[in-house]
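2 protein chains.
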Amino acid sequence: MSSYVKNLVKQARWASYKLADLSAQEKDAALKNMARAILKNKRFILSENAKDLVKANKKGLKKSFIERLALNDERLKEMSLSLKEIASLKHPLGQEISKTSRPNGIQLSKVRVPIGVVLIIYEARPNVTSDCTGLLFKTSNVGILRGGADAEHTNKAIAKALRQGLLKSKIDFPAFFIVEKPGHGIVDELLQQSEYIDLVIPRGGESLIRKVVETSNIPVIKHYKGVCHIFIDDSADIKKSLRICVNAKAQRPSVCNAVETILVHKKIAGKFLPLLKKEFDKAGVSMRLDKRALKILPGLKKAEKEDWSTEYLDLIVSVKIVEGLEEAIEHINTYGSHHTESILTKNQANARRFTKGVDSACCFVNMSTRFSDGFQFGLGAEIGISTDKLHARGPMGLEELTTYKWIGRGSGQIRI
Amino acid sequence: MSSYVKNLVKQARWASYKLADLSAQEKDAALKNMARAILKNKRFILSENAKDLVKANKKGLKKSFIERLALNDERLKEMSLSLKEIASLKHPLGQEISKTSRPNGIQLSKVRVPIGVVLIIYEARPNVTSDCTGLLFKTSNVGILRGGADAEHTNKAIAKALRQGLLKSKIDFPAFFIVEKPGHGIVDELLQQSEYIDLVIPRGGESLIRKVVETSNIPVIKHYKGVCHIFIDDSADIKKSLRICVNAKAQRPSVCNAVETILVHKKIAGKFLPLLKKEFDKAGVSMRLDKRALKILPGLKKAEKEDWSTEYLDLIVSVKIVEGLEEAIEHINTYGSHHTESILTKNQANARRFTKGVDSACCFVNMSTRFSDGFQFGLGAEIGISTDKLHARGPMGLEELTTYKWIGRGSGQIRI
Numbered sequence: 001m002s003s004y005v006k007n008l009v010k011q012a013r014w015a016s017y018k019l020a021d022l023s024a025q026e027k028d029a030a031l032k033n034m035a036r037a038i039l040k041n042k043r044f045i046l047s048e049n050a051k052d053l054v055k056a057n058k059k060g061l062k063k064s065f066i067e068r069l070a071l072n073d074e075r076l077k078e079m080s081l082s083l084k085e086i087a088s089l090k091h092p093l094g095q096e097i098s099k100t101s102r103p104n105g106i107q108l109s110k111v112r113v114p115i116g117v118v119l120i121i122y123e124a125r126p127n128v129t130s131d132c133t134g135l136l137f138k139t140s141n142v143g144i145l146r147g148g149a150d151a152e153h154t155n156k157a158i159a160k161a162l163r164q165g166l167l168k169s170k171i172d173f174p175a176f177f178i179v180e181k182p183g184h185g186i187v188d189e190l191l192q193q194s195e196y197i198d199l200v201i202p203r204g205g206e207s208l209i210r211k212v213v214e215t216s217n218i219p220v221i222k223h224y225k226g227v228c229h230i231f232i233d234d235s236a237d238i239k240k241s242l243r244i245c246v247n248a249k250a251q252r253p254s255v256c257n258a259v260e261t262i263l264v265h266k267k268i269a270g271k272f273l274p275l276l277k278k279e280f281d282k283a284g285v286s287m288r289l290d291k292r293a294l295k296i297l298p299g300l301k302k303a304e305k306e307d308w309s310t311e312y313l314d315l316i317v318s319v320k321i322v323e324g325l326e327e328a329i330e331h332i333n334t335y336g337s338h339h340t341e342s343i344l345t346k347n348q349a350n351a352r353r354f355t356k357g358v359d360s361a362c363c364f365v366n367m368s369t370r371f372s373d374g375f376q377f378g379l380g381a382e383i384g385i386s387t388d389k390l391h392a393r394g395p396m397g398l399e400e401l402t403t404y405k406w407i408g409r410g411s412g413q414i415r416i
Numbered sequence: 001m002s003s004y005v006k007n008l009v010k011q012a013r014w015a016s017y018k019l020a021d022l023s024a025q026e027k028d029a030a031l032k033n034m035a036r037a038i039l040k041n042k043r044f045i046l047s048e049n050a051k052d053l054v055k056a057n058k059k060g061l062k063k064s065f066i067e068r069l070a071l072n073d074e075r076l077k078e079m080s081l082s083l084k085e086i087a088s089l090k091h092p093l094g095q096e097i098s099k100t101s102r103p104n105g106i107q108l109s110k111v112r113v114p115i116g117v118v119l120i121i122y123e124a125r126p127n128v129t130s131d132c133t134g135l136l137f138k139t140s141n142v143g144i145l146r147g148g149a150d151a152e153h154t155n156k157a158i159a160k161a162l163r164q165g166l167l168k169s170k171i172d173f174p175a176f177f178i179v180e181k182p183g184h185g186i187v188d189e190l191l192q193q194s195e196y197i198d199l200v201i202p203r204g205g206e207s208l209i210r211k212v213v214e215t216s217n218i219p220v221i222k223h224y225k226g227v228c229h230i231f232i233d234d235s236a237d238i239k240k241s242l243r244i245c246v247n248a249k250a251q252r253p254s255v256c257n258a259v260e261t262i263l264v265h266k267k268i269a270g271k272f273l274p275l276l277k278k279e280f281d282k283a284g285v286s287m288r289l290d291k292r293a294l295k296i297l298p299g300l301k302k303a304e305k306e307d308w309s310t311e312y313l314d315l316i317v318s319v320k321i322v323e324g325l326e327e328a329i330e331h332i333n334t335y336g337s338h339h340t341e342s343i344l345t346k347n348q349a350n351a352r353r354f355t356k357g358v359d360s361a362c363c364f365v366n367m368s369t370r371f372s373d374g375f376q377f378g379l380g381a382e383i384g385i386s387t388d389k390l391h392a393r394g395p396m397g398l399e400e401l402t403t404y405k406w407i408g409r410g411s412g413q414i415r416i
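So the protein sequences, as listed, match chains D and H.
Each step along the first sequence adds one to the number in our numbering, with nothing skipped, and position 315 is 315.
Each step along the second sequence adds one to the number in our numbering, with nothing skipped, and position 166 is 166.
Keep in mind the hints are simulated off the structure, nothing from the lab.
This one's a predicted model, so the numbers in the text were calculated from it and none came from an experiment.
Don't take each hint at face value.
Where chains are identical, the list cannot tell them apart; a pair therefore holds if satisfied intra-copy or between any two copies.
[Stated by the list, open to error] Simulated pairs of lysine-lysine, PhoX-like, Cα-Cα distance not exceeding 20 Å:
{"#": "1", "residue 1": "K40", "residue 2": "K170"}
{"#": "2", "residue 1": "K181", "residue 2": "K6"}
{"#": "3", "residue 1": "K356", "residue 2": "K99"}
Chain D extracted, bound-state conformation:
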């Protein structure tokens, strides 16, 4: 282990114990100071961001990439506001999850505590630096943040501002860390520090996440991709279904909770598919159809086997006609990514069967898949979305950044 990584993780563990001692009030005041410091350092952050943008343009990086990297007054305001909002959220720490009294007189309680040290690996999205720092700080977790190399100057500048805010609150120990040393080797080393790092959350493309899972001996919470489905049952309300399908696909096609495959009950397909095509044409969405759907809408592109497990992140959707509910569930469990699926139906029993049978983090009835989101769920924040089954599933807010400990209070009991 390099001395850089060794010092970093040891300091982070030590800081996690210090951070756990801060009161809720102290942390909220510091978050507000961090929010102010972002605005106060606006000029400095924008000039550092300009350096990254010059480099990115020279490298010829994609327009969409540069668009995400670029900061402006508006975006800095949003980052600041987001920190203020985190300050206003309810604190999950210290909450008693359960409490029992044992026959031998021992009082036992399960209490929410911080996870400890959390490594966040992300691409060149500067707002992640301040958002994650805020969420982790609120829950007394020490963040080790590793952002994309292309946002190097921007991230350092944001971190500097955030530290200024902390100092204003007299928090003079390092409550979060930015990994400033370049190179993949550092990340690989960090991913081996299970003694000092409790959790890794990778945010980014599927290949980045797979690399992290393969390398890490620390628990990872993640989603590789969102291959979300809508199943149109034979009793679905046609008008509502059309609205939901267009919303789920076209409102923001580049995100993980957009729909990728629409499954249509054979009994309703003849009526529904031509109407759907009309709406999708208007929205600029192109359809890829299975054999049976092609008979109803001839001349369109055929869906290949890979289509059923593809996250298009684009105005493309695959469509398949199914025999009924059970085939829809089986298709989703076979080809899906266990993220978010929705059934559109008037049949209550079918809705129950769907939400039970589908093995996904979010199972919806008569609503758009786009609601799979921490803010829409009322969590007040979102650190990520998990398609894992352990610890946290679906949108993750503050509570999902906590664990628990058992506290037992006795009066001298021994085991007999």
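Mind docking chain H on chain D? Use the hints.
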């Protein structure tokens, strides 16, 4: 991937969906039939066990190992009883963990569901085969069980009996699997099946568990070892403290919740340590002391640096004098295994500081560390103890074998 493993994990995933459809009543009835089948097949199981015992004796395996492998009428009765008890426990599945109504009319609930497919890797302890099968079945998880090669015949025989019990309940699909093919290669392959296996629980020695963590790309829940501490504060009740120390060390020294290190406040050490030595002498416990303690009890064995992180699993204990509470907490967080620690004190503020500052799954006040146990906690069962921080911490019962999904019910809502 070998076709053996491929078939196994695909079948297991399929079975997990079948198992999720069984009702609580059906499962409890089947568990009772499994309990009966163990007794009914007593002769067969014992004769198969005899084959393993002959082999083990020939191989010259340790006495304690053979003792754990050997079955008899009494042990089979216990295994059967344990399955009956599992049948009588409350079902955690379907429980609504939380429920909210969003401003847009969406009804959102978080509901407990099975994890799915769980791989258990364990050594030659035949009761683990039936206990784990019972716990996993109750929570609608499909177990893939890989027991030690030295219990091969015994495990097959137990599995055969359990399957008979299931058939009696007309459950004719494979609700659990025993990995019958020998060799480490099979385990290594299984540990790569993150698409089909949701969780691995290794039970056994530290080296087995480390191997699993290094190999697996599936989430693992585990504890490597239990280096548990007792801190005797200066206000501790001497008589109770002596009783607790002896109980925590000597009542069953071979288990993970036995105490390994006793930390003594310097103000009470002069009085306490000679009394402790007297009690430990009676109980056959030998002490390893730090420099300061050696001055009070000269001539005893000195504790080396390794002692502070050693799980003796034996009638040996290390003892250290500390300046006070903060040094005790720091020692525990540095050398401990995040398992179970207890403070003995009359000072409420110190008790609170200890339970907050100690970064362990179980933080106790005035009670023996030996209470860190699923049955003692009233969980009714125990699938293992976790020193991890994610998903489950400390003793794990039925609830810890579940995850949740989000169910959203709308009336046509789209995201705007």
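Ascending list of hint numbers which this structure does not respect: none
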